[in-house]
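Chemist: Now for the letters of each chain:
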Amino acid sequence: MQLPDAQVAVLRTADADTDRPITELAEEAGLKPETATGAALALEEEGLLAVSEQTEQTTTLTDEGREYLENGLPELRLYEAALDAGADEDAVSLGQLLGDAGLDGPAVDIALANFARKGYGAVDSGDVSANPDAEPDNDAELNALEALDAGESVEDENLLDQLESRGLVDRQESTIRLVSLSQDGVTALMEGVEVAETVGQVTPDLITSGEWEDVEFAEYNVEAEAEEPSHGKEHILRQTANRVKDVLVGMGFQEMEGPHVDAQFWINDCLFMPQDHPARTHWDQFDLESPDEIRELPDELVERVRSAHLEGVGPDGEGYHSPWEESVAKSLDLRGHTTSLSMRHLSGYAKGDLEPPERYFSVEKVYRNDTLDPTHLLEFFQIEGWVLAEDLSARDLMGTFTEFYEQFGITDLDFKPHYNPYTEPSFELFGTHPETGEIVEVGNSGIFRAEVLEPLGVEADVMAWGLSLERLLMLMYGFEDIRDVHGTLCDLELLRDVEVVY
Amino acid sequence: MPVVDVDPDELRQLVGTDKDDDELREDMFALGLEFEGWTEDDEFQLEFAPDRLDRLSVEGIARSLRYQYGTDRGVYIPNTNTAEWTIEVDGPPAERPYVTGAVVRGLEFDERSLESLIQIQEKLHATMGRQRAKGAIGVHDLVALKGTAGTGGEKTIRYTSMDPDEERFVPLESEDGMTPREVTESHHMGSQYADLVADFEEYPAIYDDIGLFSFPPVINGRRTEVSEDSRDLLIEMTGTDQWTVDHMCNIVCYALSARGGTVERVTVDYTEDTPGEYAGQTLDRPDFSVKTKTVAHERIESIIGVEFDSGTVLDSLERAGLDGEFDEDAETYEVEIPPYRVDVIHPLDVIDDIGRAYGFNNLEPTYPDVSTVGGRHERSRLEDATRDTLVGLGFEDLLNFHMISTEENYDRLGVEAGTDVLGGGDPVTIREPYSEAYEILRTWALPSLLLVLENNTHREYPQHLSEIGLAAQLDEGENTGVTEHQTVAGVLADTEASYEDARGRLQALAQAFDVELATPPTEHPTFISGRTAEVVLDGESAGVIGEVHPKVLVEHDLELPVAAFEFELDALQ
Numbered sequence: 001m002q003l004p005d006a007q008v009a010v011l012r013t014a015d016a017d018t019d020r021p022i023t024e025l026a027e028e029a030g031l032k033p034e035t036a037t038g039a040a041l042a043l044e045e046e047g048l049l050a051v052s053e054q055t056e057q058t059t060t061l062t063d064e065g066r067e068y069l070e071n072g073l074p075e076l077r078l079y080e081a082a083l084d085a086g087a088d089e090d091a092v093s094l095g096q097l098l099g100d101a102g103l104d105g106p107a108v109d110i111a112l113a114n115f116a117r118k119g120y121g122a123v124d125s126g127d128v129s130a131n132p133d134a135e136p137d138n139d140a141e142l143n144a145l146e147a148l149d150a151g152e153s154v155e156d157e158n159l160l161d162q163l164e165s166r167g168l169v170d171r172q173e174s175t176i177r178l179v180s181l182s183q184d185g186v187t188a189l190m191e192g193v194e195v196a197e198t199v200g201q202v203t204p205d206l207i208t209s210g211e212w213e214d215v216e217f218a219e220y221n222v223e224a225e226a227e228e229p230s231h232g233k234e235h236i237l238r239q240t241a242n243r244v245k246d247v248l249v250g251m252g253f254q255e256m257e258g259p260h261v262d263a264q265f266w267i268n269d270c271l272f273m274p275q276d277h278p279a280r281t282h283w284d285q286f287d288l289e290s291p292d293e294i295r296e297l298p299d300e301l302v303e304r305v306r307s308a309h310l311e312g313v314g315p316d317g318e319g320y321h322s323p324w325e326e327s328v329a330k331s332l333d334l335r336g337h338t339t340s341l342s343m344r345h346l347s348g349y350a351k352g353d354l355e356p357p358e359r360y361f362s363v364e365k366v367y368r369n370d371t372l373d374p375t376h377l378l379e380f381f382q383i384e385g386w387v388l389a390e391d392l393s394a395r396d397l398m399g400t401f402t403e404f405y406e407q408f409g410i411t412d413l414d415f416k417p418h419y420n421p422y423t424e425p426s427f428e429l430f431g432t433h434p435e436t437g438e439i440v441e442v443g444n445s446g447i448f449r450a451e452v453l454e455p456l457g458v459e460a461d462v463m464a465w466g467l468s469l470e471r472l473l474m475l476m477y478g479f480e481d482i483r484d485v486h487g488t489l490c491d492l493e494l495l496r497d498v499e500v501v502y
Numbered sequence: 001m002p003v004v005d006v007d008p009d010e011l012r013q014l015v016g017t018d019k020d021d022d023e024l025r026e027d028m029f030a031l032g033l034e035f036e037g038w039t040e041d042d043e044f045q046l047e048f049a050p051d052r053l054d055r056l057s058v059e060g061i062a063r064s065l066r067y068q069y070g071t072d073r074g075v076y077i078p079n080t081n082t083a084e085w086t087i088e089v090d091g092p093p094a095e096r097p098y099v100t101g102a103v104v105r106g107l108e109f110d111e112r113s114l115e116s117l118i119q120i121q122e123k124l125h126a127t128m129g130r131q132r133a134k135g136a137i138g139v140h141d142l143v144a145l146k147g148t149a150g151t152g153g154e155k156t157i158r159y160t161s162m163d164p165d166e167e168r169f170v171p172l173e174s175e176d177g178m179t180p181r182e183v184t185e186s187h188h189m190g191s192q193y194a195d196l197v198a199d200f201e202e203y204p205a206i207y208d209d210i211g212l213f214s215f216p217p218v219i220n221g222r223r224t225e226v227s228e229d230s231r232d233l234l235i236e237m238t239g240t241d242q243w244t245v246d247h248m249c250n251i252v253c254y255a256l257s258a259r260g261g262t263v264e265r266v267t268v269d270y271t272e273d274t275p276g277e278y279a280g281q282t283l284d285r286p287d288f289s290v291k292t293k294t295v296a297h298e299r300i301e302s303i304i305g306v307e308f309d310s311g312t313v314l315d316s317l318e319r320a321g322l323d324g325e326f327d328e329d330a331e332t333y334e335v336e337i338p339p340y341r342v343d344v345i346h347p348l349d350v351i352d353d354i355g356r357a358y359g360f361n362n363l364e365p366t367y368p369d370v371s372t373v374g375g376r377h378e379r380s381r382l383e384d385a386t387r388d389t390l391v392g393l394g395f396e397d398l399l400n401f402h403m404i405s406t407e408e409n410y411d412r413l414g415v416e417a418g419t420d421v422l423g424g425g426d427p428v429t430i431r432e433p434y435s436e437a438y439e440i441l442r443t444w445a446l447p448s449l450l451l452v453l454e455n456n457t458h459r460e461y462p463q464h465l466s467e468i469g470l471a472a473q474l475d476e477g478e479n480t481g482v483t484e485h486q487t488v489a490g491v492l493a494d495t496e497a498s499y500e501d502a503r504g505r506l507q508a509l510a511q512a513f514d515v516e517l518a519t520p521p522t523e524h525p526t527f528i529s530g531r532t533a534e535v536v537l538d539g540e541s542a543g544v545i546g547e548v549h550p551k552v553l554v555e556h557d558l559e560l561p562v563a564a565f566e567f568e569l570d571a572l573q
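Protein chains in written order, with the numbering used here: chain A, 1 to 502; chain B, 1 to 573.
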């Protein structure tokens, strides 16, 4: 009969007449206890061993028990101090004795409680009297601790209970397995057992030759750490962007794209931002030196946008009291928001005229002339989305965004009325952070003004919102310095170790 | 966003409430005024969106709270007295032709209310006034002014021009007489606004009988300086747009009226040959006339998403400080807008006011019942598939800035701008960049990847990095003058990296997209000669591949070989 190494060793060590604990066999056979147990159970399955179970109680000293063994039980130390101070004749003040016995903190209460219980004396109004007949050398608890420490057993259950309740010993029940050879086992041994061959690496040859049928596979330490292969990973911000895109596509949004370098016309003028708006200075946006102007803008649209700025739209529209020059509209910038893409799409310039209903989004780079710090980048991703439909209301806007943010665990949205030059009504969105529970700003939204839509030729309503992807990432995954992630200052180790997003 | 400092005690007094600080803060938050913190003088610092410029002072905020509490309802117009003073407009600089003004009498100032008057001027300058370029305010102690008795007996001051070097006066916070030019060159306040008149041949000037007392928009004279003892004020505002200065003036007059002042009108008399569109006209200012907007009931319901009866709408209008009249036939409201509201320029703005007064936060969200089909853009799908393939080939996907310095983009890789190698295109350049590190858009992505390698030499190797992102260069054939494309770049940095490793991965990528790869030898200054090839995909030249030249490696503090490639994403299509 061929058996694996460990089973052969266990079989040879087991006895037909006595039940022996597996741990003992393991030691004799030079096996790890768990290996021997595994082997014994396998042998039982084969009918070669009989395995029985027995419950054993073990009692071990706690740290406190060990400490008292070394320094004396507190009540004994008190008793000895009392005797030294003559308390067997006249009561002595407790305070003095505690000092003599070196007792303080919780040990004081322990000493007092057990002192009286065990008949070492009495404490009355802060005075201690000692019982001269007590026998500290025969203290049963101390003796039991000493016995347990020496590895001897203590049979007195009451005493053990008492020690356990004082927290000086731990009592645990454990199951031990006892094994003995069965009749078949004896027969097998007599007929002869040998160790089956074990193999390490599984080789093609082993598989194709059929040799695998006769071999045992050497056990590996399956718990050990292994060397990690070097591997790639999609950038954490891309993963987050893709998650956002998935959600939006699922909500019926189509993706937009368009130029990073664009005319202020598309970036600002179509959005009804007056040309002397403070945010249109080069302090806030990246104005280009080269190239500096777009060649052509759609003439009719330019006329309608100019008129919206100067005269307003509709019978009661006023427009702004700000200058409007086509040369300013033609000057080129790095886009400060991807709303320029929304304008290109809504005007029909990007994909032809749109019929309601439509939903569009983009998750693309925008550029702001800001100060670079842990939460601000000069370029970042903006999530931009809009819905074109008949008769959209503030309630539709709230419903759409509630749905979107819930996908990211951001709930209890609050819509704070706000002002944007291009939307009315406008709302800043606040939500509850999924981890910290803080109220955080999560976006800006609104319904596009008539001064935006009419020049574009849009007759239905459009609601829109924007949010920075980096902000969503930081909210959801707790990054503190966005520069570690985005840009050439990134830390490869951080990118390699960061948890994946799904 | 503007920030206003407000003394809570003063606010309570003006509102007529005994609410505590926390209650006030909460009520103001509902108005959109966010508490940012306390000033050193224990005042609220309030931040708000720049639409309601009439709230740029404690008086304006108090007015809004009174409407919110229902203490005031509907449109309020302060009474004004007949004009005694005239501003004669006689040849001011054509660049700054417009002026308006008012007199306010019977004021009593203390330190705080004087500070508030200074603050509202500063805040209006910063917002509507566009840093004084569009409109600038001057406030003067009327007692110090002396007007000539004209034919009608009225008192007159004159808005005109002056020679920057001929006139002299003592400006605020100065002991000595200076010429206007000296003020712009050396006065600590005046020099801040020197740019505003830098191109003017003659400077704006306001005279009374005694002489020059205001040099708008730069500084006032010291003679008419307002103090706690001042009782009657003359307010003048000059600018490039009459509507703007008139409305800035309205906001100031409303604030002073709330302080108990009586507004007295001023005649603005534009002479026949003065510049600007009001030549020959006489204006009666301040202009406290209300304007009206016609708002359709149906539009109110559709924007807010709630069915209203007209009573609720009218009530909301009054609580917003507006007045409305419902026309049952047309189902519209004629809404009156008070003269301090500069933000109402379309009926939609009235609907927003109704929504705020009604309470947007009381609305129940609904999901719009319209269905559309979602989808990704083709380019974004191609980019993702390429990225997935690169990651599968062991590349760490990176994301770098599109902005970079000229030195990084060209010099440190040995490339010259204006050459026809990959990366050698002319760059899109940013006007007056803050930082040299971000002065152009990158023409290729390998410089970014080499920077990442340079910044991560302390991290474990191999470092196999890739990026798919924007590259751009000048192109006269484009409408914007720029071609933008998505570029695919990869670097292999490890002790045994070689051309073959890069070629192998590029081959695998090409095969995954079923495009044919050819790599005829070429020269590129970033790479080692003889180990550099053109990346040709399906017969089209798309990029470059090779072993990076040691001079570029040493430049980036790299001590091991780097093989790299870069090509246009569209070539995989």
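You may find that some hints are simply not true.
Claimed, not checked - Calculated cross-link-like contacts (lysine-lysine; reagent style DSBU-like; alpha-carbon spacing at most 30 Å):
hint: 1; chain 1: A; residue 1: Lys416; chain 2: B; residue 2: Lys19
hint: 2; chain 1: A; residue 1: Lys365; chain 2: A; residue 2: Lys330
hint: 3; chain 1: A; residue 1: Lys365; chain 2: A; residue 2: Lys416
hint: 4; chain 1: A; residue 1: Lys351; chain 2: A; residue 2: Lys330
hint: 5; chain 1: A; residue 1: Lys416; chain 2: B; residue 2: Lys291
hint: 6; chain 1: A; residue 1: Lys330; chain 2: A; residue 2: Lys233
Keep in mind the hints are simulated off the structure, nothing from the lab. Note that the coordinates shown come from a computational prediction; the quantities given were computed from them, not determined experimentally.
Chemist: Does each hint fit the structure? Answer for all of them.
Modeler: Against the structure, the hints:
1. A:Lys416 <-> B:Lys19: Holds: Lys416 of chain A and Lys19 of chain B sit about 23 Å apart, inside 30 Å.
2. A:Lys365 <-> A:Lys330: holds (21 Å)
3. A:Lys365 <-> A:Lys416: holds (26 Å)
4. A:Lys351 <-> A:Lys330: Holds, at roughly 21 Å.
5. A:Lys416 <-> B:Lys291: holds (28 Å)
6. A:Lys330 <-> A:Lys233: violated (41 Å)
Hint 6 from the list above is the single one not met by this structure.
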